[in-house]
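> Modelling step: build the complete structure from the supplied sequences, incorporating the hints.
Which chain is which? The protein sequence lines are A and B, in order. Just so you know, we're using the working numbering here: the first sequence kicks off at 3 and counts up by one. Just so you know, we're using the working numbering here: the second sequence kicks off at 63 and counts up by one.
What the hints contain is simulated information worked out from the structure, not anything from laboratory work. Just to be clear, a hint being listed does not mean it is correct.
[Claimed, not checked] With a cut-off of at most 27 Å between alpha-carbon atoms, the simulated BS3-like pairs for lysine-lysine come out as follows:
# : chain 1 : residue 1 : chain 2 : residue 2
1 : B       : 211       : B       : 242
2 : B       : 242       : A       : 193
3 : A       : 97        : B       : 375
4 : B       : 469       : A       : 86
5 : A       : 172       : A       : 91
[To be verified] Some, not all, of what chain B presents toward chain A, calculated at C-beta under 7 Å:
#  : residue
6  : 188
7  : 190
8  : 191
9  : 366
10 : 370
11 : 374
For glycine and all other residues, C-beta sits at the position ideal for the given N, C-alpha and C.
Single-letter residue listing:
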Amino acid sequence: MSDPLPETGDGIQLNAVGNPTDLRLEMPTLMARELCKSYRVGSGKLQVLRGASVDLYGGQICALMGSSGSGKSTLLNMLGLLDKPDTGKLWLHKKEVQNLGQAAAARLRAAGLGFVFQQFQLLPELSAFENVLMPRRLAARGWWSRRKEERRSAREVLERVGLQDRLHHKPSQLSGGEQQRVAIARALVSKPAVLLADEPTGNLDRKTGTETLDLLLRLGREESAAVLLATHDPDVAARCDRTIFIRDGVIFNQVPE
Amino acid sequence: MSLLGLGIQYFRTRLLLLMSAVAIALGVAVLFTVLAVMNGFLAELETAIRDLSGDAVIETARTQNFEQHTLQDFEGWLADVDGIETLEPQLTWYGLVGRRGGRSVNDPRSADLSGLMLVGTDEDIAPDVAAELGPDDPLPMKMGVGAAKELGLQVGDEIGVITFVGRRRGRGAPLQRTFKLVGTFSTGRYDQDLNRAVVRRHDLSQLLRHATGFSQVIVRTQADADPLLVAVAIENRLQVVGTAAPGYRTTYDWRNRGGNLLRAVENQRGMLSIVFFFIVLVAAYQLVATLTLTVSEKRRDIGVLRALGATPKRIVRFFVTLGLLISVLGIVMGLALGHWLINNLPTVERWIGGGQPIFRAEIYKFDHIPVAVDTQSVLLLVGMTLLAALIFSLIPAWRASRVTVIKSLRKR
Ligand SMILES: Nc1ncnc2c1ncn2[C@@H]1O[C@H](COP(=O)(O)OP(=O)(O)O)[C@@H](O)[C@H]1O
Ligand SMILES: [Mg+2]
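And the structure:
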């Protein structure tokens, strides 16, 4: 972290955590500083994150590279408010969020965070359409919600991932690629400011994986979401706007030695 | 209720949830039926007791009083008391009753003589016997089943009755008369069946040479009147005209007379309700098991819902709603089944009893099982079941809300 400040190809000066130092640029949508996280394993302690810092910007797709077990999922869990860091700070839209309670964190997730998991994690009892509708329903406060508008946006986003003919299919009736496209639609239906994708193509074959990644990148850009995409595949990382690396629980802007 | 759809999907795909509903349904049906039958018994007992004793009775400690005043006197005194439907004269007296011809041949254990209360009624207890009979013709008599059994009597037997009337000094000679048993009756009250015989009031009055032909007045109140208030009003009225009607001081609410029995049945109903509510409780407890299983089976789904922004409260609400959904289904099915049961009791009785009726007319007064659905107790039953379901659902629901996203999504 004491490295000299690196420079991007187009001449923008980056700071220590890989963010442009150009003050004309906006504030990061999601900003993490010095996150530490350890797990109790047996009688000992496994330190997974040792001061990880990340900035995510709207409209920018950032790849998080690291070998298996390096802590990518752990970091994404912290950034997605699914788990709390031991120490460190986290800002979402300039609001400090690392100490929020369960309910408040859930409400923020419903309103502004989208997740895509390696395992798709669709609800098996529900159709593609109902799965995509779910985040909108969960975000609705009170009994009176705009049902019509919710349904319209769910149908619309399923069209954008090319599944307009699969609305009423159950996940078990869909291929892996289709399931992940439903998951991407579900992550984007609430128009989240931040999209966190944990090895989204890890469970797909090469060709389907490439198509799914194309879709994810295209929609992420269209929505100008701040996207963080965890992967151990350099080909995937190469297609993102920017790549950060994780090793020994610390974030690097370049391939660490 | 955005998750209701998901709950219904769970319901459709999980037989176990349906089984819980069926268990609750059975409990509710049994309790519904038991309550309906108990209420039916109570209602019939009430009617039986009211038929016999009226809603209030005007009595006196000095029997002579009734020989000084006619029924018209009472009608006059009580003309302005509200709520009286009818005043019925009744003549009761005591007599020693025995089988004509001494000890019963049929049953050596039967008693020779028994002291019975003779109730003179205006009801036509023997339609085919002439109203006026000669001095040597036997008079018709109906006897409580218990009394008839004790004396070893059968319908058609002749009965000797001895009684005394100590009305005036020197006129205490015993009176004797022959009666004939024309039938037996059962009031549903063991004690009354054991010590009562019903005869025609006119016959009894003649036998006793009673001046007015009644020894008490049975008061029947109007349907919307409170018998207790009417009784009090009558008592007050008789006090006011006290000089004209010396000693008429007692009026009884019918509830007092049949009270012990009614209270016993009411108690029994309460006890049975508690016992059978345990069936509902066990069924509702099964809901805990079912929901707990669903929660652990659906941990991953719960984690996904939490990741998508469901608050822990929302998860609690989801599983409580699921539990209530199950119990509402169970209650609806249970009430429907119970309704069918009480409408087909003879069939059910034959099933359970293996072709034999369980309720014997000789033991229970009623030749059919009486049922009466009481809205209040049904509402209480539904409310208690829902409350039990709510409380029991809270336990698994709370456990579901504690599921953390990262743990539930890690293991698959
Ligand atoms: N809940 C947990 N309890 C104990 N150890 C954990 C837990 N979660 C992750 N780990 C450990 O932390 C390390 C990082 O895990 P993870 O973040 O899943 O890595 P990656 O996603 O980069 O493969 C691994 O060694 C893993 O075993
Ligand atoms: Mg991982």
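> Now tell me, hint by hint, if it's right for this structure.
Right, here's what the structure says about each hint:
Distance check on the hinted pair: residue 211(B) and residue 242(B) sit about 15 Å apart at the alpha-carbon level, within 27 Å; holds. Our distance criterion of 27 Å between C-alpha atoms is broken by residue 242(B) and residue 193(A), whose separation comes to about 98 Å. Taken as a hint, the residue 97(A) and residue 375(B) pair is honoured in the structure, with Cα atoms around 24 Å apart against an allowance of 27 Å. With a C-alpha separation of about 13 Å, the suggested pair residue 469(B) and residue 86(A) falls inside the 27 Å cut-off, and the hint holds.
At most 27 Å may separate the alpha-carbon atoms for a hinted pair to count; residue 172(A) and residue 91(A) exceed this at roughly 40 Å. The beta carbon of residue 188(B) comes no nearer than 72 Å to any beta carbon in chain A, farther than 7 Å, and the hint placing it at the interface is violated. Hint on residue 190(B) is violated. Least Cβ distance to chain A is approximately 74 Å, over the 7 Å limit. Taking 7 Å as the C-beta cut-off, the interface hint given for residue 191(B) is violated, the closest approach to chain A being about 76 Å.
Nearest Cβ of chain A to the Cβ of residue 366(B): about 5 Å, under the 7 Å cut. The hint holds. For residue 370(B), the shortest C-beta to C-beta distance to chain A is roughly 5 Å, which falls under 7 Å, so the interface hint holds. Nearest Cβ of chain A to the Cβ of residue 374(B): about 5 Å, under the 7 Å cut. The hint holds.
This entry does not satisfy hints 2, 5, 6, 7 and 8, going by the numbered hints stated previously.
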